[in-house]
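Trainee: Chain by chain, the residues run as shown.
There are 2 protein chains.
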Amino acid sequence: MNTGAQNSEDTAAPLLRSDAERNRARVMSAARTVFRRDGLGASMSSVAREAGVGIATLFRRFPKKEDLVAAVFADRMDAYANAVDVALDDPDPWHGLAGFIETVCGMQAADYGFADVLTMTFPTANALEERRNQAYEAVVQLIGRAKAAGRLREDFTPEDLVLVHMANAGVVNATGDAAPEAWKRVVALMLQSFEAPARGPLPASPEPRALYKAMLRASQARSASAGPGKNG
Amino acid sequence: MNTGAQNSEDTAAPLLRSDAERNRARVMSAARTVFRRDGLGASMSSVAREAGVGIATLFRRFPKKEDLVAAVFADRMDAYANAVDVALDDPDPWHGLAGFIETVCGMQAADYGFADVLTMTFPTANALEERRNQAYEAVVQLIGRAKAAGRLREDFTPEDLVLVHMANAGVVNATGDAAPEAWKRVVALMLQSFEAPARGPLPASPEPRALYKAMLRASQARSASAGPGKNG
Chain A
14 MNTGAQNSED
24 TAAPLLRSDA
34 ERNRARVMSA
44 ARTVFRRDGL
54 GASMSSVARE
64 AGVGIATLFR
74 RFPKKEDLVA
84 AVFADRMDAY
94 ANAVDVALDD
104 PDPWHGLAGF
114 IETVCGMQAA
124 DYGFADVLTM
134 TFPTANALEE
144 RRNQAYEAVV
154 QLIGRAKAAG
164 RLREDFTPED
174 LVLVHMANAG
184 VVNATGDAAP
194 EAWKRVVALM
204 LQSFEAPARG
214 PLPASPEPRA
224 LYKAMLRASQ
234 ARSASAGPGK
244 NG
Chain B
14 MNTGAQNSED
24 TAAPLLRSDA
34 ERNRARVMSA
44 ARTVFRRDGL
54 GASMSSVARE
64 AGVGIATLFR
74 RFPKKEDLVA
84 AVFADRMDAY
94 ANAVDVALDD
104 PDPWHGLAGF
114 IETVCGMQAA
124 DYGFADVLTM
134 TFPTANALEE
144 RRNQAYEAVV
154 QLIGRAKAAG
164 RLREDFTPED
174 LVLVHMANAG
184 VVNATGDAAP
194 EAWKRVVALM
204 LQSFEAPARG
214 PLPASPEPRA
224 LYKAMLRASQ
234 ARSASAGPGK
244 NG
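Going down the list, the protein sequences come from chains A and B. Residue numbering for the first sequence is 14 to 245, as defined by my numbering. Residue numbering for the second sequence is 14 to 245, as defined by my numbering.
Treat the hints with caution; some may be incorrect.
[Claimed, not checked] Computed cross-link-like contacts, DMTMM-like style, restricted to lysine to aspartate or glutamate with a CA-CA straight-line distance of at most 25 Å:
no.	chain 1	residue 1	chain 2	residue 2
1	A	Lys197	B	Glu167
2	B	Lys226	A	Glu172
3	B	Lys197	B	Glu172
4	A	Lys160	B	Glu143
5	A	Lys226	A	Asp105
6	A	Lys77	A	Glu115
7	B	Lys197	A	Glu220
8	A	Lys160	A	Asp124
9	B	Lys160	A	Glu208
10	B	Lys197	A	Asp168
11	B	Lys197	B	Glu34
12	B	Lys197	A	Asp190
13	A	Lys197	B	Glu143
14	B	Lys197	A	Glu167
15	B	Lys77	B	Glu34
16	B	Lys197	B	Glu143
17	B	Lys226	A	Asp51
18	B	Lys77	B	Glu167
19	A	Lys197	B	Glu34
20	A	Lys226	B	Asp168
21	A	Lys77	A	Glu142
22	A	Lys77	A	Asp124
23	A	Lys197	A	Asp91
24	B	Lys197	A	Asp91
25	A	Lys197	A	Glu63
26	B	Lys197	A	Asp103
27	A	Lys226	B	Asp124
28	A	Lys226	B	Glu194
29	A	Lys226	A	Glu150
30	B	Lys197	B	Asp103
31	B	Lys226	A	Asp190
32	A	Lys197	B	Asp98
33	A	Lys197	B	Asp51
34	A	Lys197	B	Asp103
35	A	Lys226	B	Asp51
36	A	Lys197	A	Asp80
37	B	Lys197	B	Glu63
38	B	Lys160	B	Glu194
39	B	Lys226	A	Glu194
These aren't lab readings, by the way, just hints derived from the structure by calculation.
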């Protein structure tokens, strides 16, 4: 049957499909609300409560919190990948990179949950990780172009982008609605220090492996509130 | 009686004093451990558990979590005030300010709890607030000197210091032990963009009042896990 079902995981009988899809849409919408409000630290039970479904139903559909996260942020990852494409198309490589950083930091500011997605990693959420890895390759190109044009400091690394997102998440989380534009100033300051020529040397960039470990650790700490999902 | 008791709040009979003091020291040490490990979001009950005292005992001595926070971080506030003095004594105003920012960000990195203290505000913890306000006046002087020497960008505001601490807390919390030096690179980047001449204009600095509201909001959110202290 070629019904264009979004997800091959669905084992419900065909007659139940539209019910299942309605259910899924309700859960996704609730999860989007809860993650936007509370970040990825939100528990599976608060998502179930918001959706008005039982916790068992939620876990049947999304056995791990990472699966739910991946499904909810699929469109955000699209927007992210799109921002990379826009940047690569920019004839001015520095303008492209700076605009990309501003855009993505703005996405973080608009959505606490997405701020977490960018600075954590969910090894079991394969779809999300794969998308992010593809985007990463494109970002590496973006950085190379800006350096080749002499507009980005030579010692800039892809890890610096992760650090910008971590710093931005700190500002966004701390200021919230009270000072909703504050992050723009911090990002502008960071961009000014990225621009070539560098004003001075910097302490070493973290090793990619160490940063990956940090992102993993952060997501595990957050998943601690996910409940039974950890053990399937 | 001139016993040099640290705290006039102590209403225990003189004979009980040394017991009470031992108890207090035990609670303080436990709170230090718990706040360092979990930040100020840690609950009063986890402090009581770590100290091996009943929750009622803990709340009798520290009716509000803010009181406990103020007591625990009194020495940290001393170190902070001391760092300001060192900076004001530096014959090179820029070197003094940059060193101060590095020192305080290092204190944040060494102690998650202190990272929270710098970016939250506890209106009922008068002692802590008073110390912080004194330090603030000195920091304003520090900024004025660095600008007068032409080494700090003219549009720098005291609020930018708070933003640095928020950004630094974001990096410190996200990287933890996995990349314990990463914050140094972010702080160095921020310092390079603070140095005069500015590379370009910046989005407006948040209003002091808005930032104060943000700090208040953050501490209230964290205090939500403090239990009965809110109404105590």
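Trainee: So which of those numbered hints doesn't the model satisfy?
Mentor: Those not satisfied are hints 2, 4, 5, 6, 8, 11, 12, 13, 16, 18, 19, 20, 24, 25, 26, 32, 33, 34, 36, 37 and 38.
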